[in-house]
Each structure stands twice: as structure tokens, then as C-alpha cells.
Amino acid sequence: EAQVTQNPRYLITVTGKKLTVTCSQNMNHEYMSWYRQDPGLGLRQIYYSMNVEVTDKGDVPEGYKVSRKEKRNFPLILESPSPNQTSLYFCASRWTGNSPLHFGNGTRLTVT
Amino acid sequence: AQKVTQAQTEISVVEKEDVTLDCVYETRDTTYYLFWYKQPPSGELVFLIRRNSFDEQNEISGRYSWNFQKSTSSFNFTITASQVVDSAVYFCALNWDGGFKTIFGAGTRLFVKA
Numbered sequence: 785e786a787q788v789t790q791n792p793r794y795l796i797t798v799t800g801k802k803l804t805v806t807c808s809q810n811m812n813h814e815y816m817s818w819y820r821q822d823p824g825l826g827l828r829q830i831y832y833s834m835n836v837e838v839t840d841k842g843d844v845p846e847g848y849k850v851s852r853k854e855k856r857n858f859p860l861i862l863e864s865p866s867p868n869q870t871s872l873y874f875c876a877s878r879w880t881g882n883s884p885l886h887f888g889n890g891t892r893l894t895v896t
Numbered sequence: 021a022q023k024v025t026q027a028q029t030e031i032s033v034v035e036k037e038d039v040t041l042d043c044v045y046e047t048r049d050t051t052y053y054l055f056w057y058k059q060p061p062s063g064e065l066v067f068l069i070r071r072n073s074f075d076e077q078n079e080i081s082g083r084y085s086w087n088f089q090k091s092t093s094s095f096n097f098t099i100t101a102s103q104v105v106d107s108a109v110y111f112c113a114l115n116w117d118g119g120f121k122t123i124f125g126a127g128t129r130l131f132v133k134a
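Chains as they are written, first to last, in this note's numbering: chain S, 785 to 896; chain L, 21 to 134.
None of these hints come from the bench; they were simulated from the model. Be careful, since some hints might not be right.
[As the list claims (entries may be wrong)] Taking lysine-lysine and the DSS-like style, the derived pairs with C-alpha atoms no more than 27 Å apart in a straight line are: (1) S:K849 to S:K802; (2) L:K23 to S:K849; (3) L:K58 to L:K36; (4) L:K58 to L:K90; (5) S:K841 to S:K853; (6) S:K841 to L:K121; (7) L:K23 to L:K90; (8) L:K133 to L:K23; (9) S:K802 to S:K841; (10) L:K58 to S:K841; (11) L:K23 to S:K841; (12) S:K855 to L:K121; (13) L:K121 to L:K58; (14) L:K58 to L:K23; (15) L:K133 to L:K36; (16) L:K121 to S:K853; (17) S:K849 to L:K121; (18) S:K849 to S:K801; (19) S:K855 to S:K802; (20) L:K90 to L:K133; (21) L:K133 to L:K58.
Being a predicted model, the structure only gives us computed values, none of them experimental.
The whole structure should be built from the sequences, with the hints applied where relevant.
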């Protein structure tokens, strides 16, 4: 089954403790991206990747890192999480620049 | 700068009513794509439709229809004879810069009451 898999689904952590949210897709998509969803703000793009080893900042990249060492994986790294990064995170992938996004099921992160 | 505005934060209707969700966008690009996604209470995000900036044809898919008007920079979504299963948050989105950049509206939460 074609899918984007994110883990974990829920994560509670403390300020400053590094964490990684994994994302993997099995559709051989070149494009992958991360979004955060906050009430009243919709989804905001954090980072995106056009292909292996090619990444760029979205609208809200501060406090986040990404890497794209393999085509299928695009982990999101929070080196020193802060409470304002408490949010619902979605990973997504797509074939071409303008094809529809396929989303993972989301990761709800709480930073205390 | 690019912008997507969904002015309706929440809409509540009774089953079988028609409802229109508004989406207004801003972009200086001449080539862009518009999308609608649905987020049901279970939380996943589901693609509904895509339109490019050169295709102003309206689209109908069952009870769903979309009206794209470049003159008013709008891409509105109408649900005819709404059903309880239509209850969800609906997001309008704009792609530009070859599709690498995507901006979403804040979303409209639709409640359909039985």
C-alpha cells in the first residue's frame, strides 16, 4: 500500500531534550516536506526537499533541522525543543512539484 | 507575497443543506496550482482537487463542486446536500515556484448536524 509513515504518533518531551520524528514514503517520490498545524494558522511549511541531499527552508524553519540521505526518508530533528514547538506535525510527499501531497498520519508533539 | 485566506473559521449547517467554503488567494506568479484538502475528525489529510492557473473550468464530482475565478482570485468549494460525513476541516492551498513552496489557508471547520 502506498503510504507515508510517521513515527511516533504521540510524543511528550521536556524542553531541551533532542528528538527526531521519522518519516518514510514507499512511493519513490522525489519531493518531501514537513508542516506544522496550529489552531487558526492552518498548516505551515517547515522544510522541504526536492531530492536526496537537497533541502530548503519553508516558512517556519527556526528550531528545526532535516536531512535527506535517502530518497524514502526525511526525518525532522528538534535539537533543543521548546514549548512553542508544541504542535501537530505532518510529513508529506509527492511526485512532481504540483501533484497532490500524500500526508502521513501526523505526530502530536507536546514540549513541557 | 503569497497568501491564502479562508475567512470562514467555522460553519454549521443542517444535513441536506448546501454549503460553500470560500478561498481567496494572492500571488504574483502567473503559473500556480490550487488545492483543496479535507481533514476529518480522525485527523488525516485527504486530497480533494487540484486546479492550475490556466484552467478556469469549474469541476463537479458527485455532491462536490469547485468554482475557480481568476478575476476575483477565488477558488470556492460547494457541497450540495451536505451529509454528516462531510463534517471536517477543509483547507485550501496554493503552490508556486515550481511547486516547491506551498501555503495553506487557516482552514474552515464544517459541522453538519443530523
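Taking each numbered hint in turn, which are not upheld by the structure, reported in ascending numerical order?
Numbers 8 and 20, in rising order.
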